[in-house]
Amino acid sequence: MSDNPRTPDSKAVAFRGGGFAPKPRRWVGVLVFVLLIAIAEWGTRTGWISALTLPRPSDVLDTFRQLYESGLLFQHLAPSLSRLVVGAIIGVSIGISVGVLIGLFSYIRSGLVPLVAAIFPIPKIALLPLFVIWFGIGEGSKYALIAFGTFTPTVVATYGAVDNVDRTLIRMGQSFGLSWWSIVRKIVLPGAMPGILSGLRISLAIAIILLVAAEMLGAEYGIGAYILEAGSLYDLERLFAGVVILSLLGVIVSAIIGVIERQLLGWRT
Amino acid sequence: MDIRLDGIGHSYDDFEVMRDITLDIPSGQIVCIVGPSGCGKSTLLRFIGGLERPQIGRVLQVGDVPAGCLNPLTYIFQDFALLPWRSVSGNISLVLEDHGIRGEAAKAIIADVLDRTKLSDFARALPKQLSGGMKQRVAIARALAVNPAVMLMDEPLSALDAQTRELLMDDLVALWQRQPFTSVYVTHNLQEAVRLGHRIVVLSRRPGRIREVIEIDTPISERSWGDKVCQAKHDQLWKLMRDEARAADAELLHV
Ligand SMILES: Nc1ncnc2c1ncn2[C@@H]1O[C@H](COP(=O)(O)OP(=O)(O)O)[C@@H](O)[C@H]1O
Ligand SMILES: [Mg+2]
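Chains as they are written, first to last, in UniProt numbering: chain A, 1 to 269; chain B, 1 to 255.
In isolation and in its complexed conformation, chain B is listed as follows (with noise of 0.2 angstroms):
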């Protein structure tokens, strides 16, 4: 199943927060969408996940949703959305339950998932129990759990320190390696978005506008900090970038 954008555009009142926006997500690559705070990114993600109603174009879904798959457009929050008084388990039953999903079958599911982000352990653990990265690991077990055709990520490693950054990372990549999924992947960090985007759109400063596409054919698996291509990629993005976030940061202080 692909997504695809069809020239999204929208004002909050007479704030035009994006215009004329017309992308391709294919099925299995993921697909980084950059830009400076404020352009939109967290609007787009809404509206590709029918969260809200774009005022002027489509997104359409193009060819049939996946066997097995019980919530399409699936997404993985920045502040993790984590049900604090349910357990580990008891926030994934939570996205099970309503497609009937219980007992012996739900359990199955559960633990499968949790074995994918390594967090077995911690089944009976409450929220408040565990470390930001390990909350974001439930997430995205959750995100697992209802068999997603695409994922939707909101910056889901910009709540986290720099270390545990890079250890979720690797369990991305592995995750992906494993069973490659589809994905939007919404970020400001532009390492992130060279280490895990086949593409990385490049959005203006609002109103958001796709200013570039940038490809990147390395494999993911062959991706590391060092890397040649992947470091002339960046410094590519940085440039693209560092004008317009400049021109954001001066715009917010005329405000």
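Bound-form chain A, shown alone (with noise of 0.2 angstroms):
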């Protein structure tokens, strides 16, 4: 209040903003990657982690380099690679129909929406058997399996984007006339597509996960069956080659969505 700065006892307002609002590293994830691995080497290496206890990450390098140089590892990664692309293309498009449809149309919401809730806690696992009778011990069942997996939490991700879509620009929609099929597609999908992308990080990582469970019962080639015979064997190295490629193909995929995300959703604020 006084005009004399210098006032008995004047102090500087404590900050107590900021925080809250987590900003991109780059490569602090790198480093944390490369942290861990070079603790499990050099305790390995010295033997306070015991070779039992974990495989030393060299070694692992080194299967690695040997499945990669007699070919078995595009000879495992071809087939798992189409099992998830068509796996997951079906299970999503059918995912994003259905959750638009819901997310648009009382009935089909008030049917769907609780047989939906039925279906997602269910370890689609513990369905391959029933798969296996339907469509198959071949590529079929594995299709099913993956396709399932990522039906229902594509469907929620959908529906609960599309409830999250602008009414205003839909009534904007229809007071210039705009056709129900231009709705849908120029104002209720761009709208809702931020929700279905993020779903869809969900949806790919547990269509992996499928993946290795539908590989495990009936493929000769795979990655799954790869760990499987290598877990079987107590093979750690080899078992950790295969779990690193699934690591690496859940990065991939994820740095794929990043990508679509930055193209197609550039409007957001």
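These are calculated hints, taken from the structure and not from any lab test.
Worth double-checking, as some hints may not be accurate.
[Said to hold, decoys possible] If you want the footprint, here are the derived chain A segments under chain B, 3+ residues with CB under 8 angstroms: (1) 174-180; (2) 183-190.
[Stated by the list, open to error] Only some residues are given here: those of chain B computed to face chain A with a beta carbon under 8 angstroms: (3) L51; (4) D79; (5) A81; (6) L83; (7) W85; (8) L94; (9) W225.
[Stated by the list, open to error] Calculated from the model, a selection of chain A residues having no Cβ within reach of chain B, i.e. all distances over 12 angstroms: (10) Q66; (11) P129; (12) L249.
Yeah, the Cβ is synthetic: ideal placement off N, Cα and C, and Gly gets one too.
Dock chain one against chain two, each of which comes alone in its own frame, and use the hints as you go.
Written as structure tokens, this is what we have:
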């Protein structure tokens, strides 16, 4: 209140804002990986971690190299990727369509939301024998399992996203005489895209989990078959090599979705 | 094309919003609707544009839709209602695409309406890059693109700051002078009503009824803030509104 800046006890106002707004820090993620692997390597070399507890990272890398050089890597990877892609495309596309229908129609909503809620918590792996009976032991049952597993989270994410589309935009579309189909295509779907894409992250991670489960039954080649075989022999190096492939797959899928998000959602503030 | 409201009344459940509204909106005039908040102005505008149906009464379209009019009853919303994922020109082409207007024909219309709203330099900008005033000008450009017979404006300037509001008001006046349009203009700002309206309809508090219709004969181009006639009309409106607004306010407290 005084004009004199040097009043008896003046002090700076304490800062209490900031935080609650994480920003991307590029190399920290990589650093965490490197650090964990370095600890494991150091621990197994010094004998602080016994070879039975954890394989040595350098040995895992060596196994991986052998896998690559023998050409086995692609023999396992190719069928796995095709199962993942086909299964996920089926599950996600049906999931988005059903999710949009649930988001738009009262009867479909009332009819299907309880059904989806009933299906969601079923561990899809438990249904694998059923799928084998329905679709055969070949690729069909594997596609079905992955498709079914990605379907439910996609449906839930999609109808939630459709619910959140700004209704004033839909009224605007109607007021300009846009057709129903135009409103769905040009207003509802783009408006729901952020929610659908974040649901996709979850669905595709589940797809990778189910891929392994599907391949543990009646598959000669595939990452899952490879891991299963290594596991039954307690060959930890190979087991870990397989697990690393799955992790990399997860990281790549997540990165691809990140790219799509940047492409499609640049309009968000 | 004129619009006639014939004895409109409506209730949401037991909650009567408006009663017995009969009103003519003649072609080429701007009819302003003022009234305390919650008296049903937005609801009435939704009835006029066919976005909602009144329980009692009818909204009539008198006469033929003028030739070349793509969307006779066209809204301008308070919150702009622009698609954030489309550019300025994309937002305008949105309302042309469904009428089969694409390519060069669409480009010509878009260029024309952007020129009329002084937005030509921003055709490729996304809504998030625009200020509030510019967003509303995009919405006006979009409305002009479909060549409306009647523009339905629901507090189009209320989301803007005072300076932007002045500028946009001048733009609206200029647009009307260039090509007189028919409009129902809902506002709670009496100055806007006095500046733009040929007729000003004062609604009572809920249930909204027409309390008074005030005509202003001064041509829109000759009105200005200091103007004696405008000031007198403004004071007259304020006297009518004050008691309604106060009563409406007190009512909200009692809910
Ligand atoms: N869809 C609706 N359902 C129930 N009540 C509504 C609905 N729309 C508006 N109302 C009520 O009707 C009254 C008039 O609303 P509105 O037309 O938006 O008023 P104004 O635009 O004049 O402020 C308000 O009290 C509002 O709560
Ligand atoms: Mg309103």
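These are the hints, each one checked on the structure:
no.: 1; hint: 174-180; verdict: holds (count 6)
no.: 2; hint: 183-190; verdict: holds (count 3)
no.: 3; hint: L51; verdict: holds (6 angstroms)
no.: 4; hint: D79; verdict: holds (6 angstroms)
no.: 5; hint: A81; verdict: holds (4 angstroms)
no.: 6; hint: L83; verdict: holds (6 angstroms)
no.: 7; hint: W85; verdict: holds (4 angstroms)
no.: 8; hint: L94; verdict: holds (6 angstroms)
no.: 9; hint: W225; verdict: violated (32 angstroms)
no.: 10; hint: Q66; verdict: holds (49 angstroms)
no.: 11; hint: P129; verdict: holds (45 angstroms)
no.: 12; hint: L249; verdict: holds (30 angstroms)
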